[in-house]
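Work out the full structure: start from the sequences and follow the hints.
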Amino acid sequence: MKDVDRRGFLRVAGMSIGIGALYRTLPAAAMTGSANEMLTALGKKSGEKVAPFTFVQMSDTHVGFQGPPNPLGTKAFEQAVAKVNALPQRPDLVLFTGDLTHDSEDKDVHAARMKRFREIARNIKADKIVYVPGENDAGLDGGALFRENFGETYYSLDHKGVHFVALDNVSRAKPEVGKEQLDWLEKDLRRFSKATPIVVFTHRPLFDLKPEWEWFTSDGDEVTNILNRYDNVTVLYGHIHRDNEHHDGHTAHYGARSLIFGFPDPQKGPEKKPFAFDKEHPFAHLGIRSLDERPGEELRKDEIELTLREMSGVNGVQQMLRNPKI
Amino acid sequence: MSGIAVVVVILMSAGAARKVNAQGPRVIDITAKRYGFTPSTITLKKGETVTLRLHSEDVVHGFFSRPLKLDETIEPGKTAEVTITPQTVGTFQTICDHFCGAGHGSMSMTIVVE
Ligand SMILES: [Cu+2]
Numbered sequence: 001m002k003d004v005d006r007r008g009f010l011r012v013a014g015m016s017i018g019i020g021a022l023y024r025t026l027p028a029a030a031m032t033g034s035a036n037e038m039l040t041a042l043g044k045k046s047g048e049k050v051a052p053f054t055f056v057q058m059s060d061t062h063v064g065f066q067g068p069p070n071p072l073g074t075k076a077f078e079q080a081v082a083k084v085n086a087l088p089q090r091p092d093l094v095l096f097t098g099d100l101t102h103d104s105e106d107k108d109v110h111a112a113r114m115k116r117f118r119e120i121a122r123n124i125k126a127d128k129i130v131y132v133p134g135e136n137d138a139g140l141d142g143g144a145l146f147r148e149n150f151g152e153t154y155y156s157l158d159h160k161g162v163h164f165v166a167l168d169n170v171s172r173a174k175p176e177v178g179k180e181q182l183d184w185l186e187k188d189l190r191r192f193s194k195a196t197p198i199v200v201f202t203h204r205p206l207f208d209l210k211p212e213w214e215w216f217t218s219d220g221d222e223v224t225n226i227l228n229r230y231d232n233v234t235v236l237y238g239h240i241h242r243d244n245e246h247h248d249g250h251t252a253h254y255g256a257r258s259l260i261f262g263f264p265d266p267q268k269g270p271e272k273k274p275f276a277f278d279k280e281h282p283f284a285h286l287g288i289r290s291l292d293e294r295p296g297e298e299l300r301k302d303e304i305e306l307t308l309r310e311m312s313g314v315n316g317v318q319q320m321l322r323n324p325k326i
Numbered sequence: 001m002s003g004i005a006v007v008v009v010i011l012m013s014a015g016a017a018r019k020v021n022a023q024g025p026r027v028i029d030i031t032a033k034r035y036g037f038t039p040s041t042i043t044l045k046k047g048e049t050v051t052l053r054l055h056s057e058d059v060v061h062g063f064f065s066r067p068l069k070l071d072e073t074i075e076p077g078k079t080a081e082v083t084i085t086p087q088t089v090g091t092f093q094t095i096c097d098h099f100c101g102a103g104h105g106s107m108s109m110t111i112v113v114e
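Chain order of the listed sequences is V and U. According to my numbering, the first sequence is numbered sequentially starting from 1. According to my numbering, the second sequence is numbered sequentially starting from 1.
No lab work stands behind these hints: they were computed from the structure. As the structure is a prediction and not an experimental result, all values here were calculated from the model. Some hints could be false.
[Unchecked claim] Sample of chain V residues with no beta-carbon within 12 Å of chain U, all distances over it, derived: (1) A86; (2) H102; (3) Y155; (4) P270.
[Claimed, not checked] Rough simulated footprint, nothing fancy, chain V against chain U, three-plus residues with beta-carbon under 8 Å: (5) 35-49; (6) 81-95.
[What the hints assert, rightly or not] With a Cα cut of at most 25 Å, we get these calculated BS3-like pairs of lysine-lysine: (7) K160(V) x K128(V); (8) K272(V) x K78(U); (9) K160(V) x K125(V); (10) K69(U) x K174(V); (11) K174(V) x K33(U); (12) K107(V) x K174(V); (13) K69(U) x K272(V); (14) K210(V) x K46(U); (15) K174(V) x K46(U); (16) K69(U) x K179(V); (17) K107(V) x K69(U); (18) K268(V) x K210(V); (19) K179(V) x K194(V); (20) K187(V) x K174(V); (21) K210(V) x K78(U); (22) K174(V) x K160(V); (23) K46(U) x K273(V); (24) K69(U) x K210(V).
Even glycine gets a Cβ: it sits at the ideal position worked out from N, Cα and C.
Structural data, given as structure tokens:
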């Protein structure tokens, strides 16, 4: 059997589009016999049929951030929203993996940034939009502002045979999930059989990617130990502002690009310093990747470049910088 | 004769001071303040035991390094102390792992072990 390449399917950029999630999971499920029944049961439970579907991940929009790595502010985010709305298939789900806003020490300023984020996100045409906070959203107030806007910082939902888990590894003082949430996760997953496809979305990586850049979760190992009891787990995370792929047991981890500025490869750069803004390529290192997988067909990957439409190129950027209202 | 006596006294006190230092580890004061540490670099000798005395000038900060096994919380108005004897030569980054504000991601210092 051809490896349906769940790597390929779920590889993530600033946004990833997965089409046909269940095609990837069904062949594996078929091998375990009872798994098909389980998937059907899971679908029944959530009142939804097990079926292929489309979802999108968007990450690290940092609304309110202004500075040399991206003088265009929310432009990339707005462009990405337009791209999602132009998809041939309306996504069932949009997952936001944190740092929706850039933090401010002024609470009112931060609240205004959250409001602005919501104004932009409201334009997304999707059946359901779900969020986890990043440390910029929840680090200083323990998640209070986030909860006011979006509800709980960790929770789970079933969707067409896939179990989605939102994990919060940012709203405690330290970069950790914490015992209470670990206990909750264990209980939450206990009702599923090993073959259930699970997608975890969270902000920080759950493994030690680059601890000296704060790219880790202190108790990430404990999370992965729980996840590894299941055969088919995908973790989608943000925080690192670049692509990354990591495998640990049955769990595959994918880092997303940001929609504000990119970071270099930690193996190559000694310094944690964002890529400089390039007027020729204002959305370099941000971008979107779409993945389309159908049974019997080759995986189609498209790199979509964000464009400035009528104001593309250096002139357009200069015009926007002069007139930030545009 | 009195001149010689004075010289002896100086030698004794110098000797005593040296002795006190030899008994306890070297102490290095480090101050955390949004968004950096002062000093930004310290140099230690492999096998040397030093005490890092940590202060915060504003909010709660962290002081973390996986390879050096450092994981301290620095609260304003208090002093956190950690004694280490690094066994590996190299350059290590310690970071603030307690989210302290928008510039937090770049808050780090360098510990060089020679
Ligand atoms: Cu800090």
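Hints and how they fare:
1. Consistency note on A86(V): stated as away from chain U, and its beta-carbon is indeed over 12 Å from all of that chain's, at 32 Å minimum.
2. For H102(V), the requirement that its beta carbon stay farther than 12 Å from each beta carbon of chain U is not met, with the minimum near 6 Å.
3. Here Y155(V) stays apart from chain U, with its beta-carbon at least about 22 Å from theirs, past the 12 Å limit.
4. With a least CB separation of 9 Å from chain U, P270(V) falls inside the 12 Å interface cut-off, contrary to its annotation.
5. For a cut-off of 8 Å, the count of residues in the segment 35-49 of chain U with a CB near a CB of chain V stands at 0, and the three-residue condition is violated.
6. With a cut-off of 8 Å between beta carbons, the segment 81-95 of chain U has 4 residues touching chain V; three or more are needed, and the interface restraint holds.
7. Restraint check for K160(V) and K128(V): satisfied, since their Cα atoms lie roughly 13 Å apart, inside the 25 Å limit.
8. Proximity of K272(V) to K78(U) is assessed by CA-CA distance (about 30 Å); at most 25 Å being required, the pair is judged violated.
9. At most 25 Å may separate the alpha-carbon atoms for a hinted pair to count; K160(V) and K125(V) meet this at roughly 19 Å.
10. Among the hinted pairs, K69(U) with K174(V) is consistent with the structure: their alpha-carbon atoms are about 15 Å apart, no more than 25 Å.
11. Restraint check for K174(V) and K33(U): satisfied, since their Cα atoms lie roughly 17 Å apart, inside the 25 Å limit.
12. Under the criterion of a C-alpha separation no larger than 25 Å, the hint pairing K107(V) with K174(V) is consistent with the structure, at around 21 Å.
13. Proximity of K69(U) to K272(V) is assessed by CA-CA distance (about 21 Å); at most 25 Å being required, the pair is judged to hold.
14. About 24 Å separates the Cα atoms of K210(V) and K46(U), which keeps this hinted pair within 25 Å; it holds.
15. For the hint linking K174(V) to K46(U), the alpha-carbon distance of about 29 Å lies beyond 25 Å, and the restraint is violated.
16. Between K69(U) and K179(V), the direct Cα distance comes to roughly 21 Å. Compliance with the 25 Å bound is thereby established for this hinted pair.
17. Between the alpha carbons of K107(V) and K69(U) the distance comes to roughly 34 Å, so the proposed pair goes past 25 Å and is violated.
18. Of the pairs offered as hints, the one joining K268(V) and K210(V) holds, with about 12 Å between alpha carbons and a cut-off of 25 Å not exceeded.
19. At roughly 23 Å between alpha-carbon atoms, K179(V) and K194(V) fall within 25 Å of each other, so this suggested pair holds.
20. With a CA separation close to 23 Å, the supplied pair K187(V) and K174(V) stays within the 25 Å bound.
21. Distance check on the hinted pair: K210(V) and K78(U) sit about 29 Å apart at the alpha-carbon level, beyond 25 Å; violated.
22. Straight-line distance between C-alpha atoms of K174(V) and K160(V) comes to about 35 Å, which puts the hinted pair past the 25 Å bound.
23. Restraint check for K46(U) and K273(V): not satisfied, since their Cα atoms lie roughly 29 Å apart, outside the 25 Å limit.
24. Pair hint K69(U) plus K210(V) holds up; C-alpha atoms about 15 Å apart against a cutoff of 25 Å.
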